[in-house]
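All chains, full assembly: derive it from the sequences and hints.
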Amino acid sequence: MANRRTVEVALSTSGLDAQGRPTRRPLSASEDGNVLTMEPPLPMEPGLEGDHMLINIGPQHPATHGVLRLVLELDGETVVRCIPHVGYLHCGFEKTCEYRNYYQIIPWTDREDYLNAPGNNVAYALGAERLFGIDVTPRCEVLRVIAAELSRIMSHLVWLGTTCIDIGAFTPFLWAFQERENIYNLFESWVGARLTTTVTRVGGMAADIPVGWTDQLGTFVRSFPKTVDEIDRMLTKNAIWVGRTIGLGAMSQDEALNYGLSGPLLRAAGVAYDVRKDFPYLGYETYDFEVPVGTNGDVYDRFLVRMEELRQSVRILDQALARLPDGPVNIDDPRVILPPKSKATSEMESMIHHFKQVMEGPRPPAGESYVAVESPKGEKGYYMVSDGTAKPVRWRIRPPSFVNLSAIPKMVEGHLLSDVIAINASIDIVMGEIDR
Amino acid sequence: MKDGFTPATPGSALQAATPPSTLRQLRHRGGDVNPSAAALRERFGSAISASDVVWGETTVIIEPRRAHEIVRWLHDDPAQQYTYLSDVTAVEFRDPEQPIEVVWHLRSLPFRRFLRLKALLPRGTPLEVDSVWPVFKSADWLERECYDMFGIKFIGHPDLRRILMWEGYREGFPLRKDFPLRGRFSRAEQLRQALAANPEARYSMEELTIAAAFEDLPDEMRARLAGGEKVGE
Chain V
9 MANRRTVEVA LSTSGLDAQG RPTRRPLSAS EDGNVLTMEP PLPMEPGLEG
59 DHMLINIGPQ HPATHGVLRL VLELDGETVV RCIPHVGYLH CGFEKTCEYR
109 NYYQIIPWTD REDYLNAPGN NVAYALGAER LFGIDVTPRC EVLRVIAAEL
159 SRIMSHLVWL GTTCIDIGAF TPFLWAFQER ENIYNLFESW VGARLTTTVT
209 RVGGMAADIP VGWTDQLGTF VRSFPKTVDE IDRMLTKNAI WVGRTIGLGA
259 MSQDEALNYG LSGPLLRAAG VAYDVRKDFP YLGYETYDFE VPVGTNGDVY
309 DRFLVRMEEL RQSVRILDQA LARLPDGPVN IDDPRVILPP KSKATSEMES
359 MIHHFKQVME GPRPPAGESY VAVESPKGEK GYYMVSDGTA KPVRWRIRPP
409 SFVNLSAIPK MVEGHLLSDV IAINASIDIV MGEIDR
Chain Z
3 MKDGFTPATP GSALQAATPP STLRQLRHRG GDVNPSAAAL RERFGSAISA
53 SDVVWGETTV IIEPRRAHEI VRWLHDDPAQ QYTYLSDVTA VEFRDPEQPI
103 EVVWHLRSLP FRRFLRLKAL LPRGTPLEVD SVWPVFKSAD WLERECYDMF
153 GIKFIGHPDL RRILMWEGYR EGFPLRKDFP LRGRFSRAEQ LRQALAANPE
203 ARYSMEELTI AAAFEDLPDE MRARLAGGEK VGE
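Taken in sequence, the protein lines are chains V and Z.
Residues are numbered in the working numbering as their position in the first sequence, beginning at 1, plus a constant of 8.
Residues are numbered in the working numbering as their position in the second sequence, beginning at 1, plus a constant of 2.
Don't read these hints as lab results, they were simulated from the structure.
These numbers were taken from a predicted model, which means no experiment stands behind them.
Don't take every hint at face value.
[Said to hold, decoys possible] Result set (SDA-like, lysine to any residue): computed pairs, CA atoms no more than 25 Å apart in a straight line:
id : chain 1 : residue 1 : chain 2 : residue 2
1  : Z       : K179      : V       : H98
2  : V       : K103      : V       : V88
3  : V       : K103      : Z       : D180
4  : V       : K103      : Z       : F181
5  : Z       : K139      : V       : R371
6  : Z       : K139      : V       : I173
Pasting the structure below:
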């Protein structure tokens, strides 16, 4: 399939053809003008034919994006087998949160996929609200859409920047991280935190947006597409970039589904599964956006899909800004929402609610909920089981990176050692989420 | 749109009759039942012991040792097409009488359906359940994690070993309710074990036999590794 598609190479680089493959220049010509063939490569070092080599990458290798460890079996430079090892960052999130009430879990969700903290907060709040049987206010829904989409842009920018560095481009990294800084500033003025935002509450948000915040966001929404276009011009038709990414780690539609891939990886393989479209939440069905889908499922398509998702997220942000309704952010439910401090110190009823919530925590009815959202990495689900007490019996994170990474032995098989780095980067893993 | 894209129509390849919308005003119990629940009951009869709808999500309780067969049918049947396995996990309740549950979350992308399968493993019986790995490759790591955390054996999984904890981990299964939050061993014992571990034994025997690396090791260490020594023991 890969050769069906031609990518115009705008920035041509000497030594590479239009598909980005290296071309060899003849070194000399015979007297009648015929090109002399090049010398055959040196024979392999004697005694090494047929020997397979064991290579260990990680867990402390910058290109593994965290503490991933890959043990590779190499035949020459070709990967024969890959055995991944995870768990170096395991710290028992799920166990710990069985001892926390439903509010105390929110900060933990920041720290698992720490590049997508607001998105996780939103996902967790949706899951908990289903368990409590709560519907949030219209203003809260739109604010959550804004938080989730900003968080998607943040996460994709980190992916873009780090992948560029892995493959050997440095400039887009700086551009991407500059824009990410702008989003961090937005979150800082909204909730005070940058990385670990804890932006949602069960039944609402940590805070309403400050005065003038929509203008700041509007400035970002207008300026950001220019950066995307710049990065696009820099990479999409760049011969080196195309040469390093095209045809790598390709997964067919059926394989991608069977291996449980989700997010940009699945869509690059041609399956248009996006939780926002197929199992919508937060009123995503009312926003006008498209789901980019690739055809080959290789690293290059994953890059294209993520670039287009950046643009689509900006579209959603634009619509969300236009429709942001007035009204309360938190629902009016004393079971889950803390009364204002002035009331808690003056009215008996509010004081009791305040005391109950802080000392015991809200109690959902016995039941369970699995709520999945489209995180930048894929389908992120929170499965919560309650037995009617203030602490969940089970809080399960369905980590998209974990399932995506489990397909890496299949993806890198038969590729070169240097391509393992590109393929691993294209999966967009966050070890905090994989190991939890 | 950029090169190489097919701008997709919203949603999955096959379109369901009604466009999906955000779920609101869900009821605690009852509500729309996923039609697959009735189909399962019709097809498998006694292997389906109950079905329930909680907060709009349909749960079907199946027999543990028929999971593979049931999931295979759900995957292959053209009227079901559950081609996406979201999650495999387990739940242990605080009540020690209540059975441990193994939970599968399945999605039918063409019909936009979500189904939860559950197998109940009563206390006192071996924690064994069918693996769905032959149907879904995505179950590989998910089942390994479930085994690692709960000690549930997935019969038919090709490589069921610990994944998040290391192979020589001796303290048991962390997500079980009888496992203390801080672990079974004292900090002193954990430290002693970490210091006593052999840092050279980071590779499994399988990995070492890949290369001639195994032949290069000193005789004494080769003997120890061949005897099954792992890091952390």
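Each hint tested on the structure:
| no. | hint | in the structure |
| --- | --- | --- |
| 1 | Z:K179 with V:H98 | holds (18 Å) |
| 2 | V:K103 with V:V88 | violated (37 Å) |
| 3 | V:K103 with Z:D180 | holds (12 Å) |
| 4 | V:K103 with Z:F181 | holds (10 Å) |
| 5 | Z:K139 with V:R371 | violated (38 Å) |
| 6 | Z:K139 with V:I173 | violated (31 Å) |
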